[in-house]
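Colleague: Sequence:
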Amino acid sequence: MRSVISQLFSISMSVVFALIVWAVATSEQSRAAFFPDALAIEIANRADGLVVYQKTADSVRVKVRAPQASWDQLRPASFRVAADLKSLDTGLHQVPLTVQVTDPRVTVIEVEPAEVGVRLERVKSREFEVHGDVIDAAPLGYINKPPVMSPMTVTVTGPAVLVDQVSEAVADIFLRGAKAPFERESVVVLRDGQGKPVPGVTVAPASVLVKVQIEQRVGYKDVSLKTVLKGNVAPGYWISNIVVSPSTATIVGSAEALAKIPGFVETLPIDVEAATTDVSKRAVLDLPEGVSMLNSDGVTVQVSVTPILGGQTVRRTASLQGLRNGLNATISPDSVEVILSGPVTTLQNLTLNDIQVVLDAAGLAPGTHSIKPRVPTLPTTLRVQSIVPDAIQVVIVDPATLTPTLTITATQRITSTLPITATPTLTSTFVVTATPTLMSTFVITATPTLTSTFVITATPTFTLTLPITPTLAPSPTPNR
Numbered sequence: 000m001r002s003v004i005s006q007l008f009s010i011s012m013s014v015v016f017a018l019i020v021w022a023v024a025t026s027e028q029s030r031a032a033f034f035p036d037a038l039a040i041e042i043a044n045r046a047d048g049l050v051v052y053q054k055t056a057d058s059v060r061v062k063v064r065a066p067q068a069s070w071d072q073l074r075p076a077s078f079r080v081a082a083d084l085k086s087l088d089t090g091l092h093q094v095p096l097t098v099q100v101t102d103p104r105v106t107v108i109e110v111e112p113a114e115v116g117v118r119l120e121r122v123k124s125r126e127f128e129v130h131g132d133v134i135d136a137a138p139l140g141y142i143n144k145p146p147v148m149s150p151m152t153v154t155v156t157g158p159a160v161l162v163d164q165v166s167e168a169v170a171d172i173f174l175r176g177a178k179a180p181f182e183r184e185s186v187v188v189l190r191d192g193q194g195k196p197v198p199g200v201t202v203a204p205a206s207v208l209v210k211v212q213i214e215q216r217v218g219y220k221d222v223s224l225k226t227v228l229k230g231n232v233a234p235g236y237w238i239s240n241i242v243v244s245p246s247t248a249t250i251v252g253s254a255e256a257l258a259k260i261p262g263f264v265e266t267l268p269i270d271v272e273a274a275t276t277d278v279s280k281r282a283v284l285d286l287p288e289g290v291s292m293l294n295s296d297g298v299t300v301q302v303s304v305t306p307i308l309g310g311q312t313v314r315r316t317a318s319l320q321g322l323r324n325g326l327n328a329t330i331s332p333d334s335v336e337v338i339l340s341g342p343v344t345t346l347q348n349l350t351l352n353d354i355q356v357v358l359d360a361a362g363l364a365p366g367t368h369s370i371k372p373r374v375p376t377l378p379t380t381l382r383v384q385s386i387v388p389d390a391i392q393v394v395i396v397d398p399a400t401l402t403p404t405l406t407i408t409a410t411q412r413i414t415s416t417l418p419i420t421a422t423p424t425l426t427s428t429f430v431v432t433a434t435p436t437l438m439s440t441f442v443i444t445a446t447p448t449l450t451s452t453f454v455i456t457a458t459p460t461f462t463l464t465l466p467i468t469p470t471l472a473p474s475p476t477p478n479r
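If you count the sequence shown from 1, position 126 lands on 125 in numbering that gives the first Met the number 0, and the numbers rise without skipping.
For the record, the hints were derived by calculation from the structure and aren't laboratory data. Each residue gets a CB set at the ideal place from its N, CA and C atoms; glycine is no exception. Mixed in with the good hints there might be a few duds.
Said to hold, decoys possible - Calculated lysine to aspartate or glutamate pairs in the DMTMM-like style (CA-CA distance at most 25 Å, straight line): (1) Lys123 with Asp191; (2) Lys210 with Glu182; (3) Lys225 with Asp135; (4) Lys62 with Glu109; (5) Lys229 with Glu265; (6) Lys225 with Glu265; (7) Lys178 with Asp36; (8) Lys371 with Asp389; (9) Lys54 with Asp135; (10) Lys123 with Glu167; (11) Lys195 with Asp135; (12) Lys62 with Asp36.
Unchecked claim - Simulated DEER-style distance windows between Cβ atoms: (13) Arg382 with Ile260: 45 to 53 Å; (14) Pro261 with Arg183: 29 to 37 Å; (15) Glu214 with Thr275: 45 to 53 Å; (16) Pro378 with Pro245: 33 to 41 Å; (17) Pro245 with Gly192: 39 to 47 Å; (18) Trp237 with Pro332: 49 to 57 Å; (19) Pro261 with Ala233: 47 to 55 Å; (20) Gly90 with Arg183: 39 to 47 Å; (21) Pro332 with Thr275: 35 to 43 Å.
Start from the sequences, fold in the hints, and give me the full structure.
Modeller: Have a look at this one:
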């Protein structure tokens, strides 16, 4: 018997020890804290015919305990915070909040606030006739008729205390300078007795169709304006646009006088003689006696004067810039065609200095290079369309690294029937240009007959003066 009791005691102690270990392990793995996001309060079980007019809070903070794995998965959608209004009638109520969590491993420890104050009111509906409120005025010379609404009434629904505050339903209307009848949708606004908006209620429909009739007053007439110009702009220019502001005008006069005026009125002539820039002037309308313009601001005419555009091709010699000191260079080709576009008058007056073509050799080492030509400066109204060719070959050499080679070959033939002693003197000066190979031929004639041929090959460029003084022996006398 004693052994059985001992065994039971051992088993009990093992279970208690296991529970302690489990509790410690669980507490070490779980973490208690407030969920970082505020949670919205949901209204549940509201009775028909009632509406929440006021509540003291819209959201709560919830403190929970959960293992780290659950914390990583928690989202606002994991919670449902509800205020149960079951069996509640009109008036003020303090409603406890309940929190449900989709994860069973999460325990709710605290809710702030724990309850929410709710005021319930009876739902009330009421019809109101919609009135049109024209905010701005019709243009001068026009009159607007009272607007017509479709539908003419709307239904307002909400807490009785708010619906009772509504005194009118209004559709605000803006004419915005309209001179003809129009239709447009307008939102219905509910206002109280002081003209202030009433929030917290719904309107059905929320907008209405507004129809507004606009008519012209007797003795007024709208006409378009036609500009009359005098003179011609300067050669090489043309009138690209004419803007009249305003483009139409309202004139006032007797019905008989207005009936004689067509749909337009001309301005008095505006002088544009020899103009090279835009012309802006105040215009005077050519109106018959007894008719005047309603707008006191007058009419402004803007005449745009634009140069006539053309094209031109000019040939220019390219100049090398930025070549390092001590280096020589050759350019091939040394001239280019520059195709220009712009005002004809500017193209016709171009000078040699207006268009220059340069090749940038800055930083280039000896060798063969392909450089794009460019035009650094240009009259402001001109554009370079293209340069032909668009690349120029530049060969850069360093004279210090070249070894000149000179070869002279002389061939002489003398034929004479008499003893001849000739001491000719030949002085020859020639220039060798720095090309890879230069061949020059010199012919020297002496008495009686002396022909000398010299072939000289030299690199690079240098000037050589070579005196040659040959002494020739006569050939034997031929048999007679």
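Colleague: Take the hints in turn and mark each one as holding or not.
Modeller: Here is what the structure says about each hint:
1. For the suggested pair lysine 123 and aspartate 191, the alpha carbons sit about 16 Å apart, so the restraint of at most 25 Å is met.
2. Note on lysine 210 and glutamate 182: the hinted pairing holds, with a Cα-Cα distance of about 5 Å set against a maximum of 25 Å.
3. Among the hinted pairs, lysine 225 with aspartate 135 is inconsistent with the structure: their alpha-carbon atoms are about 30 Å apart, more than 25 Å.
4. Restraint check for lysine 62 and glutamate 109: the C-alpha separation of about 5 Å stays at or below 25 Å, so the hint holds.
5. A threshold of 25 Å between alpha carbons decides the hint, and for lysine 229 with glutamate 265 the separation of about 13 Å falls inside it, so the pair holds.
6. Between lysine 225 and glutamate 265 the alpha-carbon distance is near 5 Å, which keeps this suggested pair within the 25 Å criterion.
7. With a CA separation close to 56 Å, the supplied pair lysine 178 and aspartate 36 exceeds the 25 Å bound.
8. Distance check on the hinted pair: lysine 371 and aspartate 389 sit about 6 Å apart at the alpha-carbon level, within 25 Å; holds.
9. Using a Cα cut-off of 25 Å, the hinted pair lysine 54 and aspartate 135 is violated, with the two alpha carbons roughly 40 Å apart.
10. Among the hinted pairs, lysine 123 with glutamate 167 is consistent with the structure: their alpha-carbon atoms are about 16 Å apart, no more than 25 Å.
11. For the proposed pair lysine 195 and aspartate 135, the alpha carbon gap of about 19 Å is at most 25 Å, so the pair holds.
12. Using a Cα cut-off of 25 Å, the hinted pair lysine 62 and aspartate 36 holds, with the two alpha carbons roughly 11 Å apart.
13. In this structure, arginine 382 and isoleucine 260 meet the distance hint of 45 to 53 Å, their C-beta atoms being roughly 48 Å apart.
14. Proline 261 and arginine 183 have their C-beta atoms about 32 Å apart, which keeps the hinted 29 to 37 Å range intact.
15. Between glutamate 214 and threonine 275, the C-beta spacing of about 48 Å keeps the proposed range 45 to 53 Å intact.
16. Judged by the Cβ atoms, the range 33 to 41 Å given for proline 378 and proline 245 holds: they are separated by roughly 38 Å.
17. The hinted range of 39 to 47 Å is satisfied by proline 245 and glycine 192, whose Cβ atoms lie roughly 43 Å apart.
18. Tryptophan 237 and proline 332 have their C-beta atoms about 38 Å apart, which leaves the hinted 49 to 57 Å range violated.
19. Look at proline 261 against alanine 233: about 34 Å separates their beta carbons, and that is not inside 47 to 55 Å.
20. At roughly 44 Å, the beta-carbon separation of glycine 90 and arginine 183 lies within the given 39 to 47 Å, and the hint holds.
21. Between proline 332 and threonine 275 the CB atoms are about 39 Å apart, so this pair conforms to the stated range of 35 to 43 Å.
The structure shown violates the earlier hints numbered 3, 7, 9, 18 and 19.
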